[in-house]
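Student: So the chains spell out like this:
There are 2 protein chains.
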Amino acid sequence: MSKNLPAISPLAPARFPRMPEIPGVRFSALAAGLKYTGRKDLFLAEMAKGTQVAGVFTTSKTASEPVTWCRDALKDGKGRALVVNAGNANAFTGAAGFKTVDITATATAKAVGCRKSDVFVASTGVIGETFDGQLIANLVNKMAKTLKPGNWKAAAEAIRTTDTFSKAATAKAMIGGKSVTIGGIAKGSGMIAPDMATMLSFVFTDAKIPSNILQKLLAASNKKSFNSITVDSDTSTSDTCLLFATGQARNTTINSAADPALKEFKAALDQVMQSLAHQIVRDGEGATKFVAVTVEGAENNKAARRIALSVANSPLVKTAIAGEDANWGRVVMAVGKAGERADRDKMRIQFGDHVIANDGGAVPDYDEDPVAAYMKGDEIQITTHVGIGRGKATVWTCDLTHGYITINADYRS
Amino acid sequence: MSKNLPAISPLAPARFPRMPEIPGVRFSALAAGLKYTGRKDLFLAEMAKGTQVAGVFTTSKTASEPVTWCRDALKDGKGRALVVNAGNANAFTGAAGFKTVDITATATAKAVGCRKSDVFVASTGVIGETFDGQLIANLVNKMAKTLKPGNWKAAAEAIRTTDTFSKAATAKAMIGGKSVTIGGIAKGSGMIAPDMATMLSFVFTDAKIPSNILQKLLAASNKKSFNSITVDSDTSTSDTCLLFATGQARNTTINSAADPALKEFKAALDQVMQSLAHQIVRDGEGATKFVAVTVEGAENNKAARRIALSVANSPLVKTAIAGEDANWGRVVMAVGKAGERADRDKMRIQFGDHVIANDGGAVPDYDEDPVAAYMKGDEIQITTHVGIGRGKATVWTCDLTHGYITINADYRS
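Chains as they are written, first to last, in this note's numbering: chain A, 1 to 413; chain B, 1 to 413.
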């Protein structure tokens with residue numbers, strides 16, 4: 001476990017994925033110099049007329065001004081533009097913060113030719129520092145003139161803060177005989193915990209799905225992706241995930257979230273959302289191991305999820321994994337503190353395929369050597385059966401290393 | 001912030017306190033070699049006939065065998081002996097674990113001449129490894145012959161695991177014209193979080209208070225001490241706090257926890273419990289700063305406590321303090337994620353006496369220099385007013401440093 005920070009997370013995917021154009025979606029990104037120099041930090045997306053939108057946001061009681069704005073803008077289910085800046089979160093900025101969003105949205109609406117209420121705004125970066133919306137307003141006109149389809153790499157780069165790599169994912173699906181495409185980007189590596197887990201994610205599709213149904217699909221998929229990851233149990237003030245559907249695929253009319261025609265689309269959306277969520281964990285601050293925690297045999301799925309998060313958030317479990325130690329005693333501890341029912345004397349704990357404890361105690365013929373070898377890998381699966389019922393859940397996290405301390409004890413200096 | 005671990009926490013008190021004898025209480029401690037070598041790791045306390053006892057324990061659903069034993073032994077409110085071993089927690093050890101406790105208690109009962117159900121047992125150390133109770137049984141007879149009043153230093157040493165210093169506290173009080181004495185020891189530095197926060201604490205007094213009233217006093221004091229500290233949000237399987245009252249002070253009869261004669265005693269008990277709890281935080285694994293988090297203006301005291309714990313448990317707040325950074329944005333985030341009501345636009349945040357944010361934004365004339373100087377101290381007070389009601393709470397924690405990672409990523413190796 002190195003105390004030096006790698007430039008790119010050792011868990012990063014080998015390459016940025018090949019991303020398709022989404023009919024009805026165009027991007028522009030540039031270096032506005034709001035905080036960073038020498039990199040893109042401002043992103044504009046323009047969606048075709050008629051685009052439907054869904055969104056899920058942080059549950060924080062101190063949500064940022066852009067989150068408040070987006071919640072309002074979402075009410076009519078229509079979205080034509082998205083502006084995102086990195087470097088300043090415009091959170092805890094009071095009346096000045098609202099003004100910044102309003103100036104940004106007004107200028108963007110003018111630049112792309114839509115209503116102000118069809119503009120979505122997201123900001124990520126330092127909390128508590130105001131910045132002038134005019135800085136963005138001065139640039140969106142220029143950006144609107146350079147909009148291009150498929151410029152994913154620039155988009156994914158422009159929304160990064162402490163991320164060590166750009167995150168994107170895509171999938172295809174058939175809806176009633178028509179092929180539709182989904183593509184998304186995300187950013188986030190610290191201040192990551194459920195409700196919402198992402199900091200920012202924007203997903204686009206050419207599927208034609210009305211906003212009320214889109215909202216249900218997004219909420220369901222979000223539960224299995226961004227809300228099932230945790231890096232450090234801290235919940236951001238700015239977490240935002242938006243899903244835009246341009247409708248340009250002209251698929252059959254969808255009247256309900258339960259429509260069987262949506263089966264493939266749901267799976268494809270899950271795939272994109274889960275890939276983006278996993279990429280955020282893989283970019284967890286200081287992460288050297290990608291960890292899946294599965295809980296089985298809980299009272300119900302909700303109890304299983306709560307236990308899994310207790311394990312995934314435990315600093316003692318996470319440091320043990322960093323130390324490549326299959327310390328199942330700490331897993332027992334973390335199961336115990338979750339507050340959900342667990343039968344201590346029926347519990348089973350395994351790392352990968354290696355059953356370490358069973359029926360409430362270490363297995364009699366426990367051989368540490370193969371487990372020690374397993375712990376040296378960079379993907380760790382912890383599975384525990386808690387001996388109560390049939391509830392099951394999986395959440396994803398990373399280990400807790402010196403890198404996390406180095407990054408976060410020095411962030412502002 | 002050093003990555004090297006000091007032998008003794010930089011936050012340790014200057015010296016072990018001068019501790020009084022408690023009439024009716026005798027101690028013995030020795031090196032049993034259960035795990036450690038060259039230090040005491042087994043502690044026996046014998047209390048006079050008629051001693052009343054109260055106890056509070058971990059809320060873990062995977063509590064250790066000794067915790068289960070103590071809960072049973074507590075039922076009749078009588079206690080004559082206490083045996084504590086360090087090095088093995090006897091947790092998640094199933095039927096073998098119960099047998100270990102039973103053998104220990106049987107031998108101890110014989111050695112001090114009491115019923116088995118009047119023997120209390122506590123174990124701390126590694127989880128999931130069985131050990132033979134006979135190892136202790138063979139020693140208690142010898143220990144019973146060397147019992148002495150006032151051997152606090154040896155007792156406090158014998159119950160340590162990763163602690164870097166021995167912890168004890170004392171106070172005196174008058175009950176109805178009679179002077180009574182309270183003395184206690186504690187151990188714990190990691191796996192520390194509310195419900196219960198301590199790992200182990202044993203408090204003794206010569207006051208004459210019946211067990212049912214003693215239990216109420218202990219529970220109330222525990223809430224303001226051990227249940228108001230957190231090092232890493234992890235809850236141990238073994239947390240135990242026992243309060244033994246020998247009655248040798250022969251004070252006036254106490255018939256109710258609300259008896260005015262108990263006023264001084266309650267304050268003295270709080271003082272001892274809070275001192276021990278603070279010493280545990282001061283010995284937090286890798287700690288370099290002692291941090292008090294006070295929340296005011298919450299909906300009620302319970303909400304205030306929940307918000308305070310959210311701040312005190314936030315890895316981002318704790319790493320910022322380690323980096324001597326008055327990062328109030330992270331405090332806003334941690335208040336927001338607590339799930340309790342907070343008025344973002346009325347919030348006030350101060351570090352020590354320095355008001356940094358007010359009415360939902362940074363103070364206009366914020367001068368960072370005096371705050372930066374304040375953050376270099378080793379005692380940090382964070383106070384936040386959340387602008388809702390009159391609820392108030394204080395909890396105590398420490399910073400999160402490279403030392404915590406070093407200790408916990410290498411614990412078993």
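Misleading hints may appear alongside valid ones.
The list treats identical chains as one, so a pair stands whether inside a single copy or across any two.
Unchecked claim - In silico lysine to any residue, SDA-like type, Cα no more than 20 Å apart, as pairs:
id, residue 1, residue 2
1, Lys302, Gly339
2, Lys216, Tyr366
3, Lys78, Pro6
4, Lys224, Ile407
5, Lys224, Leu74
6, Lys224, Leu147
7, Lys392, Ile407
8, Lys346, Glu129
9, Lys346, Ala96
10, Lys99, Asp359
11, Lys142, Ile8
12, Lys99, Thr130
13, Lys346, Phe98
14, Lys376, Asn300
15, Lys263, Val371
16, Lys302, Pro370
17, Lys99, Lys346
18, Lys302, Ile213
19, Lys263, Asp378
20, Lys99, Ala362
21, Lys346, Thr130
22, Lys99, Val363
Derived from the structure by calculation, the hints contain no laboratory data.
None of the values given here were measured: they were computed from a predicted structure.
Student: Indicate, hint by hint, whether the structure satisfies it.
Tutor: Going through the hints against the structure:
In this assembly of identical chains, Lys302 and Gly339 lie within 20 Å of each other by CA distance both inside one copy and across copies; the values are 12 Å within and 18 Å between. Proximity of Lys216 to Tyr366 under the C-alpha cut-off of 20 Å is found in neither arrangement, the shortest distances being 46 Å within a copy and 45 Å between copies. Neither within a single protomer nor between protomers do Lys78 and Pro6 lie at most 20 Å apart by alpha-carbon distance, with minima of 42 Å and 59 Å respectively. In the homo-oligomer, the alpha carbons of Lys224 and Ile407 never lie at most 20 Å apart, since the shortest distance is 28 Å inside one protomer and 34 Å across protomers.
For the identical chains of this complex, Lys224 and Leu74 are neighbours neither inside a copy (22 Å) nor across copies (45 Å), given an alpha-carbon limit of 20 Å. Taking the shortest Cα distances, Lys224 and Leu147 never come within 20 Å of each other, neither inside one copy (33 Å) nor across copies (59 Å). In this homomeric assembly, Lys392 and Ile407 never come within 20 Å of each other (Cα to Cα): the closest approach is 34 Å inside a single copy and 33 Å across copies. Taking CA atoms no more than 20 Å apart as the test, Lys346 paired with Glu129 passes between copies only; the shortest distance there is 16 Å, against 52 Å inside one copy.
Taking the shortest alpha-carbon separations for Lys346 and Ala96, only the inter-copy value of 14 Å comes in at or below 20 Å, while the best intra-copy value is 57 Å. Taking the closest pair of Cα atoms, Lys99 and Asp359 come within 20 Å of each other only across two copies (17 Å); inside a single copy the shortest separation is 60 Å, beyond that limit. Taking the shortest Cα distances, Lys142 and Ile8 never come within 20 Å of each other, neither inside one copy (32 Å) nor across copies (61 Å). With identical chains, the CA atoms of Lys99 and Thr130 are at most 20 Å apart within one copy only, with a shortest distance of 10 Å there and 64 Å across copies.
Taking CA atoms no more than 20 Å apart as the test, Lys346 paired with Phe98 passes between copies only; the shortest distance there is 15 Å, against 54 Å inside one copy. Proximity of Lys376 and Asn300 under a CA criterion of 20 Å is satisfied in neither setting, with 33 Å inside one chain copy and 48 Å between copies. With identical chains, the CA atoms of Lys263 and Val371 are never at most 20 Å apart, being 39 Å at best within one copy and 56 Å at best between copies. Proximity of Lys302 to Pro370 under the C-alpha cut-off of 20 Å is found in neither arrangement, the shortest distances being 33 Å within a copy and 47 Å between copies.
In this assembly of identical chains, Lys99 and Lys346 lie within 20 Å of each other by CA distance solely across copies; the values are 18 Å between and 58 Å within a copy. Taking identical chains as interchangeable, the C-alpha atoms of Lys302 and Ile213 are never at most 20 Å apart, the minima being 24 Å within one chain and 39 Å between chains. Within a single copy, Lys263 and Asp378 get their C-alpha atoms no closer than 33 Å, and across copies no closer than 58 Å, so neither meets the 20 Å cut-off. When the C-alpha separation of Lys99 and Ala362 is checked against a cutoff of 20 Å, the pair qualifies only between copies, where the shortest distance is 16 Å, while the shortest distance within a copy is 60 Å.
Only between protomers do Lys346 and Thr130 lie at most 20 Å apart by alpha-carbon distance; the minimum there is 17 Å, versus 54 Å within a single protomer. Within a single copy, Lys99 and Val363 get their C-alpha atoms only as close as 62 Å, which misses the 20 Å cut-off; across copies the closest is 18 Å, which meets it.
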